[in-house]
Structure formats: C-alpha cells, structure tokens
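Number of protein chains: 2
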Amino acid sequence: MVEHIEDFYAVIPAGGVGSRLWPLSRADAPKFLHDLTGSGHSLLRDTWNRLEPLTGPDRIAVVTGRAHRAAVEAQLPGIPDKNVILESEPRDSAAAIGLAAAILHRRHPDVVIGSFAADHVIRGSRVFEFAVRDAVEVAREGYICTIGIAPSEPAVGFGYIKRGGELIVEGARDASLVERFVEKPDLETAKAYVADRSYLWNAGMFISRADVLLAEIEANNPTLHAGLLELAEAWDDRERRGPAVDRIWPTLQKIAIDYVVAEPAAEKGKLAVVPGHFDWDDVGDFASLAKLNSGGRTDLAILGQNARVLSDAASGIVVSQTSRVISIIGVKDIVVVDTDDALLVTTAEHAQRVKSVVDALKVTGRGDVL
Amino acid sequence: MVEHIEDFYAVIPAGGVGSRLWPLSRADAPKFLHDLTGSGHSLLRDTWNRLEPLTGPDRIAVVTGRAHRAAVEAQLPGIPDKNVILESEPRDSAAAIGLAAAILHRRHPDVVIGSFAADHVIRGSRVFEFAVRDAVEVAREGYICTIGIAPSEPAVGFGYIKRGGELIVEGARDASLVERFVEKPDLETAKAYVADRSYLWNAGMFISRADVLLAEIEANNPTLHAGLLELAEAWDDRERRGPAVDRIWPTLQKIAIDYVVAEPAAEKGKLAVVPGHFDWDDVGDFASLAKLNSGGRTDLAILGQNARVLSDAASGIVVSQTSRVISIIGVKDIVVVDTDDALLVTTAEHAQRVKSVVDALKVTGRGDVL
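As given, the protein sequences belong to chains A and B, one line each in that order.
First residue of the first sequence? That's 1 in full-length UniProt numbering, and the numbers climb one at a time after it.
First residue of the second sequence? That's 1 in full-length UniProt numbering, and the numbers climb one at a time after it.
Treat the hints with caution; some may be incorrect.
Any copy will do: because identical chains look the same in the list, a pair fits if it lies in one copy or spans two.
As the list claims (entries may be wrong) - Under the rule of at most 25 Å between Cα atoms (straight-line distance), these lysine-lysine pairs were calculated in the PhoX-like manner:
#, residue 1, residue 2
1, K191, K270
2, K254, K270
3, K162, K268
4, K332, K355
5, K355, K254
6, K332, K291
7, K362, K191
8, K162, K191
9, K332, K268
10, K362, K254
11, K184, K355
12, K270, K291
13, K162, K270
14, K82, K184
15, K184, K291
None of these hints come from the bench; they were simulated from the model.
Given only the sequences and the hints, what does the whole structure look like? Please build it.
Here you go:
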C-alpha cells in the first residue's frame with residue numbers, strides 16, 4: 001500500500017487530438033482515449049492508475065473538452081464530478097492548467113499540484129512515484145519543479161532540459177535548478193546531450209504549489225491570470241459558472257504553459273528539476289507507436305483486439321480497428337492504420353507527415369473522417 | 001467496318017483465378033471479370049471486343065468454370081448459349097483449349113481456331129487484328145501459329161520465343177518457324193534477347209486448324225485426345241453431355257497446352273510465329289498492374305470508380321473497392337488493395353510474393369477471404 005502525498009492534487013489536461021496519429025486518433029476519439037500499448041486501458045486510464053496511489057481517487061482533476069465529458073467519465077468512473085473541469089473550447093495548456101490551479105487553490109489554499117499529460121506512456125510506476133514525491137518536496141520549498149526524463153537514446157523528437165546547480169532539499173534525492181530549456185536538437189547535438197548526462201528530456205510535467213504557479217502566471221501574463229481567477233471564483237457556484245465560462249474562457253490567450261510559466265521561471269532561478277529514471281514516451285507519431293509496441297523486436301507490431309494480420313517479412317506496425325484480414329508483405333517499417341472509414345499507409349520515416357494529410361483532408365472537404 | 005475472317009473461331013479460356021492479384025482477384029471474382037485498366041470494361045469484355053470484329057459475335061467460344069457462367073454471360077450478352085463451354089472443375093489449358101477445338105471441329109470441320117487468354121491486356125487493336133489475320137493464313141498452311149510480342153523492354157517476367165527460319169506464306173508478312181521456347185530469363189539474358197531482335201514474348205496465343213491441333217494432342221497425349229473426342233461427340237446432345245462430363249472430365253490430365261502442343265510442335269518444325277507489334281501484358285501481379293495504370297508517370301496510380309485517395313509523394317498503385325478515404329504518404333512503389341473484407345499492403349518489389357499469402361490464408365483457415 002502506497003501512502004498518499006499530503007496536500008497533493010494531480011491535474012490531467014486531456015486536450016489534444018493527436019493529429020499525427022490519424023486516423024486512429026480523431027476529433028471525437030482523441031489519442032488519450034485509446035489503448036496504444038495493448039494494456040487493455042486507454043492512455044487516460046493508465047495515467048489515472050499511475051497517479052491514484054499518490055493522491056487517492058478524490059484528488060485527481062481532469063481538464064477536458066465538453067465533447068469528451070462522457071468518454072472521460074466512462075474511463076474514470078471513480079472521479080468526483082467536481083474534478084471534471086470542462087473547457088467550452090480548447091485554449092492551450094496555460095489556460096487549462098492555470099484554471100485547474102486557480103480552482104484547486106480556492107478549494108485548498110495549501111495545495112501542491114502536479115500536471116501530467118493524459119496521453120503519454122510511462123513504464124516503471126514505482127520509479128515514477130519516487131520522482132513525483134521528490135518533486136513535491138522541492139515544490140513545497142517554493143520552486144516550480146519539473147520531472148526530466150533521463151534519456152535512453154539521443155532522441156531528436158523531444159525538447160531537452162539542461163540541469164544547472166544542485167538544490168539541497170530534504171526528502172528529494174537529486175534536485176537541481178533548471179539552467180535552460182532546449183528545443184528539439186539535431187542528432188549530433190542530441191548525442192552530445194546524452195553523453196553529457198546533464199540533459200534530460202522535457203516531458204512537460206510540472207509540480208508546484210498552486211499559489212506559486214498562479215503568481216508566475218500573474219508575473220508574465222496578468223490578463224490571463226485575472227481571467228483565471230475570475231473564472232475560479234465563480235466555478236463552484238452552479239448558477240455563476242456557465243455565464244462566467246461563456247464570457248471569460250473565449251477571451252483567454254491561447255499559449256503553452258512553457259512560455260507563461262516554465263521558461264520565465266527558469267530564467268529567474270525558480271524552476272527546479274528532478275530526474276525521472278523510467279521509460280517515457282509522448283507517442284507523438286506512428287514511428288513512436290511502432291517502437292513502443294515492438295518491444296525491441298524487428299517484426300511487425302500489431303495493435304487491435306480483433307486484428308487478423310498476416311505478415312510476410314514486414315516490420316513496423318499495424319493498427320486494426322476492423323475485422324478485415326490485413327496482409328503486409330515485405331515492407332520495412334510500414335505503418336498501416338485500418339479503420340472503418342479511413343486507411344493510412346506510410347512508413348516510420350514519414351510518420352511526422354501524417355499531420356499534413358489531416359490538414360489536406362480539412363481543406364479538401366473530407367473533414368468527415370477527421 | 002472490319003471484315004470477318006472466314007472459318008475462324010476465337011476461343012477464350014477464362015479460367016485462372018489470378019492469385020497474385022489477391023484480394024482484388026478472388027475465387028468467385030477472378031481476374032478476367034475485373035476492369036484492370038480503367039476502361040470501364042472487364043478484361044474478358046475487352047478481349048471479346050478485340051476479337052468480335054474478326055469473328056462476329058457468333059464465333060467466339062468461352063471456356064470457363066460452371067461457377068462463372070452467370071458472370072460471363074452478364075459480361076458477354078451477345079454470346080450464343082452453345083458457345084459457353086463449361087468446365088465442371090479446372091483441368092488446365094490443354095484440356096480447356098483441346099475441348100473447345102474438339103467441339104468446334106465437330107461443328108465445323110474446316111475451322112481455324114485462335115485461343116486468347118481472357119485476362120491479358122492489349123493496346124493497339126488494329127495492329128492486333130493484322131497479326132491475327134497473318135497467323136490465320138499461316139495456320140491454313142497446316143502450321144500451329146503463335147503470335148509473339150515484340151519486346152518493348154528486357155522483361156524477366158515472361159517466357160520468350162526464339163524465331164527460326166523464315167516462312168513464306170501468302171498473306172502473312174513476317175512469319176517464321178519457332179526455333180525454341182525459353183523460360184523466363186534473368187535480366188542480362190533478357191537484355192541480350194531484346195538486342196537480338198529474334199526473340200519475342202510468349203503471350204500464349206495459338207492459332208491453328210482444329211484438326212491440326214487435335215492431331216498434335218493425339219501424337220503427344222493419346223489418352224487426353226481420346227477423352228476430348230469422346231466429350232465432344234456427346235457435347236451437343238443435351239441428354240448425353242452431363243453424364244459424359246461427369247465421367248470423363250475429372251480423368252483428363254491437368255497439363256498446360258505448351259507441353260502437349262507448342263513445345264513438341266516446335267521440335268517437329270510445325271510451330272510458326274508471327275510478331276505482334278502491339279502493347280501486351282498478362283497483368284501477372286500488382287507491379288505489372290501499377291505499371292499498366294501509371295501511364296509512364298511516377299506518381300500514384302489509382303484504380304476504382306469511387307476511390308477517395310489522398311497521396312503525399314507516394315508512387316505505385318492503390319486499388320479501392322470501398323468508399324474509405326485512403327491516405328498514402330511517401331512510400332515508393334507502394335501497392336495497396338482495399339476491399340471490404342481484406343486489405344493488402346506491399347510494394348512492387350514484393351508483388352510476386354502475394355501468392356504465398358494466398359497459400360498461407362488457405363492453410364490458416366482464412367479461406368473466407370480468398
């Protein structure tokens with residue numbers, strides 16, 4: 001039995017569609033609602049299961065679109081109604097996480113919140129738990145603390161965090177200040193980062209006291225901060241919430257929390273990092289999904305409960321959502337996604353270009369399959 | 001208006017399934033029933049349309065399986081009932097063409113027959129007609145005459161015919177004896193053949209007097225010959241045909257006409273050839289189908305009346321039999337065949353291996369999609 005962390009609340013922003021995983025991921029069935037690992041659970045449920053030992057079922061909040069309310073509640077039957085925070089439309093991560101922080105801060109002034117994406121994959125839950133506990137201790141000291149993933153390879157698809165000076169915090173074994181954030185590097189640079197050992201992958205996990213987070217938003221974007229506070233003030237009043245959302249939410253700036261909180265805090269020496277020595281992936285595209293499901297083997301990975309796949313010397317991944325027989329012959333790193341109304345065929349090499357197809361479908365009037 | 005050729009009958013063996021074109025070609029919808037060129041007609045109908053100017057509608061016989069009778073008659077509404085020759089089961093080309101020869105010989109003792117596969121593609125019907133007319137003149141002299149296709153490239157997927165001594169036949173401009181048949185060569189050999197100009201592709205077209213063909217069968221396989229004659233003798237008697245077929249047909253040797261007629265006749269100096277200077281393809285696999293439909297372009301060829309294909313820098317072919325959106329990204333020479341119950345993904349390079357998938361589907365109990 002794991003002990004819950006005192007005053008700790010998890011926030012799961014469940015927003016993005018995951019265009020690069022089309023046609024598996026759709027507007028009405030986004031990435032976080034899919035089982036992408038063969039675990040038998042959606043990524044959202046896996047995220048919940050990972051956090052619940054640290055918080056208990058009553059202290060996990062999900063921020064999601066109104067359209068996904070039913071699906072989210074079906075995935076998370078234990079979630080209290082008040083912890084499902086519904087957006088009337090997507091307004092990026094600063095607004096989503098900021099709103100949760102503002103609401104939870106009103107409910108629990110001393111709350112420490114940790115935000116964890118709904119659609120990432122983590123293996124090694126015990127190691128994850130220790131990292132979160134360490135990060136919470138650092139956060140209690142007034143830092144905004146991120147968990148940076150110890151790189152397992154010179155990935156070029158992730159941003160990196162450069163560790164700076166060591167932070168001595170009781171209960172946290174290996175905390176540092178963040179020196180700076182680095183955008184996705186090229187392969188040579190990534191290799192140097194991995195060899196250096198002071199670079200970690202930026203997994204977008206932020207743990208901090210809600211008041212500290214809100215103060216950082218206020219310092220960098222006072223308008224956004226004012227809107228969030230006004231919303232939070234009305235939120236737990238049934239009569240006032242709807243009108244407040246309708247009036248304020250559409251006016252909030254669409255901006256990532258990285259720019260409103262993480263990078264400015266790093267510059268001020270207020271951003272800390274603890275390393276996470278667990279497997280992590282944001283499953284950003286089908287190349288990543290293929291790798292995740294191949295288990296290091298070089299043959300074809302198959303995702304889909306009723307998949308009927310016949311493969312002759314192919315590698316890559318097949319995602320099957322139909323009962324059709326799928327036959328793949330001799331193609332290296334193939335990606336086949338077979339759904340009722342749309343089929344994608346590409347290779348891992350071109351996985352990032354799936355987004356361009358989604359864009360093309362929009363402009364050519366075939367949005368029915370998005 | 002083209003003049004019909006006197007005493008000439010065309011025979012169209014419509015038998016093979018075309019396993020290498022699975023899942024487009026199926027046991028119940030074999031290759032010859034499909035439109036593989038975007039012409040709007042099946043290959044069988046195209047074959048009929050090519051021959052009808054030479055024979056008229058009453059002198060084309062189709063040899064096909066009982067299961068395909070309705071489909072064949074729907075494709076060829078002008079075909080006389082007596083010219084649909086039904087096999088109770090497939091017994092290869094010597095039995096199929098031999099039976100047609102024997103039946104037609106009883107009906108018209110002086111008949112010259114020409115056999116033309118139901119599932120080949122020919123472009124240049126006027127040049128084709130001249131080649132057939134020439135071949136018929138050669139056949140009237142007692143030769144078995146084939147039409148060898150003048151190679152347009154060093155193909156390794158076809159057998160070749162080596163031309164021997166020139167034959168002077170009135171009305172035939174360029175006839176020769178056949179020196180020998182050559183199996184599919186390697187690329188180097190094929191290049192030498194093309195440079196040599198005395199090698200032609202073996203397209204399996206045979207034109208001869210029916211009595212000459214039957215005599216050749218008799219000389220090389222007297223048992224088969226006896227069976228065919230017995231069948232033919234009973235054929236046009238409604239009472240006797242069924243019992244004769246049931247008794248004799250299953251006993252006939254399964255063997256290709258090449259071995260019973262063409263090769264032995266070549267050895268005896270009785271096989272002639274006239275060159276065909278038209279585009280010909282046996283559409284043996286999806287690589288061939290892709291080439292046929294690309295029109296020399298390097299982008300993606302699309303086959304299917306209701307195809308909804310979105311392609312980003314891919315080449316190859318998509319065959320669509322569904323209404324699904326098909327998106328192909330950046331794969332060279334891709335082959336995608338999308339049908340209601342089965343999907344094939346491979347590349348042109350591996351097109352010949354489709355047959356192995358069909359075999360695997362049989363042994364793994366998934367024959368429902370064959």
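Verification of the hints:
1. Taking the closest pair of Cα atoms, K191 and K270 never come within 25 Å of each other, the shortest separation being 28 Å inside a single copy and 73 Å across copies.
2. For the identical chains of this complex, K254 and K270 are intra-copy neighbours only, at 24 Å inside a copy versus 84 Å across copies, given an alpha-carbon limit of 25 Å.
3. Taking the closest pair of Cα atoms, K162 and K268 come within 25 Å of each other only inside a single copy of the chain (15 Å); across copies the shortest separation is 85 Å, beyond that limit.
4. For the homomeric pair K332 and K355, the shortest alpha-carbon distances inside one copy (21 Å) and between copies (19 Å) are both at most 25 Å.
5. For a Cα distance limit of 25 Å, the shortest separation of K355 from K254 inside one copy, 20 Å, qualifies, whereas the shortest one across copies, 54 Å, does not.
6. Proximity of K332 and K291 under a CA criterion of 25 Å is satisfied in both settings, with 13 Å inside one chain copy and 22 Å between copies.
7. Neither within a single protomer nor between protomers do K362 and K191 lie at most 25 Å apart by alpha-carbon distance, with minima of 38 Å and 49 Å respectively.
8. For the homomeric pair K162 and K191, the shortest alpha-carbon distance inside one copy (14 Å) is at most 25 Å, but the shortest distance between copies (61 Å) is not.
9. In this assembly of identical chains, the alpha carbons of K332 and K268 never lie at most 25 Å apart, being 48 Å within a copy and 50 Å across copies at closest.
10. Only within a single protomer do K362 and K254 lie at most 25 Å apart by alpha-carbon distance; the minimum there is 21 Å, versus 56 Å between protomers.
11. Proximity of K184 to K355 under the C-alpha cut-off of 25 Å is restricted to the intra-copy arrangement: shortest distance 18 Å within a copy versus 45 Å between copies.
12. In this assembly of identical chains, the alpha carbons of K270 and K291 never lie at most 25 Å apart, being 36 Å within a copy and 63 Å across copies at closest.
13. Only within a single protomer do K162 and K270 lie at most 25 Å apart by alpha-carbon distance; the minimum there is 14 Å, versus 85 Å between protomers.
14. In the homo-oligomer, the alpha carbons of K82 and K184 never lie at most 25 Å apart, since the shortest distance is 37 Å inside one protomer and 74 Å across protomers.
15. Taking the closest pair of Cα atoms, K184 and K291 come within 25 Å of each other only inside a single copy of the chain (19 Å); across copies the shortest separation is 41 Å, beyond that limit.
The structure fails to meet hints 1, 7, 9, 12 and 14 from the earlier list, while all remaining hints are met.
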